[in-house]
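Protein chains in written order, with the numbering used here: chain S, -7 to 480; chain C, 66 to 759.
No wet-lab data here; the hints were simulated from the structure.
As the structure is a computational prediction, the values presented were derived from the model and not from experiment.
No residue lacks a Cβ here, since even glycine has one placed at the ideal position from N, Cα and C.
It is possible that some hints are incorrect.
Listed next, the stretches of chain S that the computed footprint assigns to chain C, with coverage defined by at least 3 CB atoms under 8 Å from CB atoms of chain C [what the hints assert, rightly or not]:
no.: 1; segment: 31 to 39
no.: 2; segment: 80 to 91
no.: 3; segment: 99 to 107
no.: 4; segment: 194 to 200
no.: 5; segment: 217 to 226
Using 30 Å as the maximum straight-line C-alpha spacing, the simulated DSS-like pairs for lysine-lysine come out as follows [claimed, not checked]:
no.: 6; chain 1: C; residue 1: Lys618; chain 2: S; residue 2: Lys376
no.: 7; chain 1: S; residue 1: Lys14; chain 2: C; residue 2: Lys102
no.: 8; chain 1: C; residue 1: Lys533; chain 2: C; residue 2: Lys521
no.: 9; chain 1: C; residue 1: Lys588; chain 2: S; residue 2: Lys349
no.: 10; chain 1: C; residue 1: Lys588; chain 2: S; residue 2: Lys376
no.: 11; chain 1: S; residue 1: Lys348; chain 2: C; residue 2: Lys167
no.: 12; chain 1: S; residue 1: Lys349; chain 2: C; residue 2: Lys167
no.: 13; chain 1: C; residue 1: Lys290; chain 2: S; residue 2: Lys410
no.: 14; chain 1: C; residue 1: Lys515; chain 2: S; residue 2: Lys349
no.: 15; chain 1: C; residue 1: Lys533; chain 2: S; residue 2: Lys215
no.: 16; chain 1: S; residue 1: Lys376; chain 2: C; residue 2: Lys745
no.: 17; chain 1: S; residue 1: Lys478; chain 2: C; residue 2: Lys755
no.: 18; chain 1: C; residue 1: Lys122; chain 2: S; residue 2: Lys395
no.: 19; chain 1: C; residue 1: Lys122; chain 2: S; residue 2: Lys215
no.: 20; chain 1: C; residue 1: Lys588; chain 2: S; residue 2: Lys385
no.: 21; chain 1: S; residue 1: Lys85; chain 2: C; residue 2: Lys97
no.: 22; chain 1: S; residue 1: Lys348; chain 2: C; residue 2: Lys755
no.: 23; chain 1: C; residue 1: Lys102; chain 2: S; residue 2: Lys16
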Amino acid sequence: MRKIVLFGMVLSVSAWSTAQQKIKYVEYDLPNGIHVILHEEHATPIVAVSVLYHVGSKNEIPERTGFAHFFEHLLFEGSANIGRGEYSELVEKNGGTLNANTSQDRTYYYEILPSNQLELGLWLESERMLHAKVDIKGIETQRSVVKEEKRQRVDNQPYGSFFTEMFKRVFPSHPYNWAPIGSMEHLDAAQEEDYVNFYKNYYVPSNATLSIAGDLNIEQTKKWIDKYFASMPKGEAINLYRDFINLEEEPFVKRYGVSKTKFNAKDFLKSSDPEAKKLIANYTAKQIVIKRTTKDNSVLKGVTKDVIEDNIELPGIFMGYKFPEQTHPDAYALEMMNEVLSGGSSSRINKTIVEKKRMASFAFSFNYGLEDAGIGIFAAIASKDVSLDDIQKEFDGQIETIKKELISEEEFQKIRNKFENNLVTANASIAGIAENLADNHVYFGNANRVNSLMDNYMKVTREDIQRVANKYLTQDARVILHYVPKAK
Amino acid sequence: MKNIVIISACFLTATTFGQVDRSVRPAPAQAKKIEIKDSEVFTTANGITVILSENHKLPRVSFDLSMGSDPRNEGDKAGLSDMAGSLIMSGTTNRSKDQLDKEIDFIGASLSADKNSISMSCLTKHMDKGLSLLNDVLLNANFPESEFDRIRKQNEDGLLSAKSDAGTMAQNAMVKVNFPGHPFSDVMNETTLKNITRQDVINYYKSIFTPDGAYLVVVGDITRKQTEEMVAKYFGEWKGGKKYVASLPEATQPKGNQVTFVKKRGAVQSVVYITFPIKMKTGDVNQLPSTVLNGILGGGGFGTRLMQNLREDKAYTYGCYSAMNITENGSWMSAGGNFRNAVTDSAITQILKEFELITTELVKDDEINLTKSSQAGGFARSLESPSTIARFALNTIKYKLPKDYYQNYLQRLEAVNKDDILNMAKSYFTSTNCNIIVVGNEEILDKLKKFDSDGKVTILDEFGNPFKEIVKADISKEQLITNYLLAVTKSSSMKELTKKLKKVKSVERVSEMSGAQMPMTLKFFNYYLAPATEATALEFQGNMMPLSYFDGKTGYTSAPMAGKKDMTAEEIAKKQKEAGLFQELNYATNSTNYSLEGIQNENDTEYYVVKIVDGETESYDYFNRKNFLKEKSLTITKEGDKTNESTQVFGDYKEVNGLLFPHSLSMNMGPMILSGKVVKVEVNGKPDMKLFKK
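Model the full structure from these sequences, guided by the hints.
If you want it as structure tokens, here you go:
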């Protein structure tokens, strides 16, 4: 009997594996440290060019929050060879689209272009990396744009501050303490120098992953990458070059003790003056050390309960739990647990709290896995005259149930089907593939994880789900926020 | 050794850096020939053409089944096909709608239908289950009565909002003038909707959903052999009659420019479409160059001629676009936008000027280049979606396109030159034989006459039918109001009415409303307390929430997210004017500015139309000419250069305590529609007003 069960399991595992198509790619490092990932696929004559900079809000200093996100905006302003506002125009004019996003852990830029415009995409991204316009005019323009974004997305959004408030309490001693949008006062207080330094510290070849997917020829693409990216100065030499083009003679001499005139303006690295040559060699050898944060393995101490006043009419409750980092083996089971609790309209939380008991107009939970730690959040907006404590009791009841009882076979099968479907569609577009490869390289040190992801989820058992619920949904160590209407 | 490597690496880096001139922007490489695999085609014994496009990139598969019949004139049942389409997924003889939804969700599939097709997509391994669900719908859809009623109700609501939406009104007029007598010109209205029965829907489904002439496009991770097996298993037993074949009337350009006008009360801006039919069908060799022509003229983006002229240069509008619609059954060109009343005629002049310019002069190099590259990019990106490939495969077979039509699309696009554009414009375009459609305020009508070649403007109603002019009323406005008040209070004299109303101390009305955008039923509570107290509350998820309260002197309004707001002095003055059970009772004594517009025929019913003006707000009340009861009230408020319109419809008047109260209600504000029934009217009960006190 045991054998038959085992056999059945093996069969089902292999069935999963065949459902996932292998994504082939090549990867290598350039001498200056850029990690390159290329996925060749000719199904569609388009190509996605992306650069992931391993810098997010967690790399900011506590007095200068919001920088990483601000740079995402700033780096559309142009470069030494691209006029202000021309960046997007160039992409659109050539049949492409572009965008960018910033998280606690990374900043990600991409273009999707017709494949015959691949070289253009590489040039655009290399311009951004080598000598973007980081000047006061662009800073001022983007400062007002970012402020407007914060007004719209956080300040004027009912309950919009819950993310910030929750992270503040769940991560008291880690830079996840603040949100990527950051503080507008910090951005105002920052000097041009602060911005320039952020660019010099984090927007450097050794902190970048260039991930390209789509209709490309690997050999030709490598040649272009050599031309536009491998040609960039190595180590601190890139910042020497940046200072050379940005600084006036006097401050340059003050900083480096060598006149700008000694350098070859047309071909910086080929400067023949011995002093310049020496300086370039010294700075090339000098590695840029990027300050990394460390994993946050601390546990929450007891229950933190706070009341927050907001411009809202209906009270809301937000409960936060400390989850492990996204690379932790338990992350898969936690995601599947969340799917049982809150995945779609037939999920447990929605069925009971919203539909049957009508205690809340919205109720849901979600996982937020990050590089150094994770967080699990339960949230609900109360129906009129329903107390937040009663909603909390319902949440606690659901948590109790998933801790005590195995989920049903049918529920289990449904979420497995759903995950499989999601994973297949996640790699349906070349833009998705480029991003997934880059993410997996940076966070997991293994781009190839895109090919084993399904197995990781399918290995999760009903018992695993129960186990992680017991391990991480700690009722005696969590943050509970009550959002209440501001007193009038 | 290691040092040497580093040194040589530096050296290498240095030389390559020197060779890059970064100020030179890379030129595009040669446009790629698109690799679209040839699809395989076979036919089944029952008449289905199966088109298979294998693509094993992802373990997914999709089946798109579309019917081969020509569109049919629907006449006095206009809207039947759309209604049938929205009912196909309503359940089968084996499964209720809920069951069907649940089983689809379980395998993570999607299954949908419209008036001419049914589609299913899922992971390949769930193909059997997915197809068995599709098969169940295809063979056993049973159009339950309750769902039929629900969808009819939804359509009724939709018509209500269509009547206040200038864009829809312009579309309705456009199909009528471009395609007279053609199925394209079937526009649903209240009368045709009433004519549609459940049996009509069943008959439509039976006759149109037939294997004869149908196309089944299969795309994805599936082999020819599997496809044949699946088709035999799930489509083999599908039977039906011959497909419907019609010879559709050929649409022609009007002789000389013809102006068509649709009146929109209170409008501060007009919707303009300048349009004409084109003699071209899907797959025509000239389709591609014409698309480039349209792209230059106004087919999207800020750089087009229409945008540059009418938005950037003249600031007549926020957006002015053109569209070229090429279909197998009829094609047309249209250009236009929304324009302020004062510049509507100037905008028409400019659009016609652009039409003329493009038919007489060569376009510029940068215009054609920009349009071609942005269209090439859009085309290429669209190919990532399997549904695009499915559409190409179908078009290639259906319209007998050359096999490499889509493979060579980008090369042919690249080859389009300035002469081609001018030739296209000369062959298909006109600036002198256009239908000029304007939906707007009647006050601009005179300024439009100059555009009409014979000086006679055609006036249509909201649904594109000949407008029935309003006729002079046969009674005075005072008489009408008196007649209404007597009718609604079932009194024979004003004296009796006064006596009757004195006895009314309170009225509580409860109505249950629902709408397409609302998943749940909303319960509204309306209270009236003599002499002038009024209150409204909403029950939401078992909780009562006050919406408004007015005690004759002061009050507030309240919204779930925004909180309570005290009424302004203006709002109080307005409330006081309307105070009482029937606001019309006050007309004689307060200074309400109202007039009797005349008698208007709508949906074969005659109405007295009363216009009430209050500051920037205009209202129109419709009283049934037969019984004087109020059946509709339309309110238009102005906000800058925009107007907001809301409509209330009252019906099913029933007597309660000697007074008549409407028992069916619907209301719409823009696209938001609610309709329902009054479930309770209680006169002189003891309503609990605690909720409204602070």
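Status of the hints after comparison with the structure:
no.: 1; hint: 31 to 39; verdict: holds (count 6)
no.: 2; hint: 80 to 91; verdict: holds (count 7)
no.: 3; hint: 99 to 107; verdict: holds (count 4)
no.: 4; hint: 194 to 200; verdict: violated (count 0)
no.: 5; hint: 217 to 226; verdict: holds (count 8)
no.: 6; hint: Lys618/C - Lys376/S; verdict: holds (28 Å)
no.: 7; hint: Lys14/S - Lys102/C; verdict: holds (21 Å)
no.: 8; hint: Lys533/C - Lys521/C; verdict: holds (16 Å)
no.: 9; hint: Lys588/C - Lys349/S; verdict: holds (18 Å)
no.: 10; hint: Lys588/C - Lys376/S; verdict: holds (15 Å)
no.: 11; hint: Lys348/S - Lys167/C; verdict: holds (18 Å)
no.: 12; hint: Lys349/S - Lys167/C; verdict: holds (21 Å)
no.: 13; hint: Lys290/C - Lys410/S; verdict: holds (28 Å)
no.: 14; hint: Lys515/C - Lys349/S; verdict: violated (65 Å)
no.: 15; hint: Lys533/C - Lys215/S; verdict: violated (73 Å)
no.: 16; hint: Lys376/S - Lys745/C; verdict: holds (24 Å)
no.: 17; hint: Lys478/S - Lys755/C; verdict: holds (23 Å)
no.: 18; hint: Lys122/C - Lys395/S; verdict: violated (40 Å)
no.: 19; hint: Lys122/C - Lys215/S; verdict: holds (28 Å)
no.: 20; hint: Lys588/C - Lys385/S; verdict: holds (29 Å)
no.: 21; hint: Lys85/S - Lys97/C; verdict: holds (18 Å)
no.: 22; hint: Lys348/S - Lys755/C; verdict: holds (28 Å)
no.: 23; hint: Lys102/C - Lys16/S; verdict: holds (21 Å)
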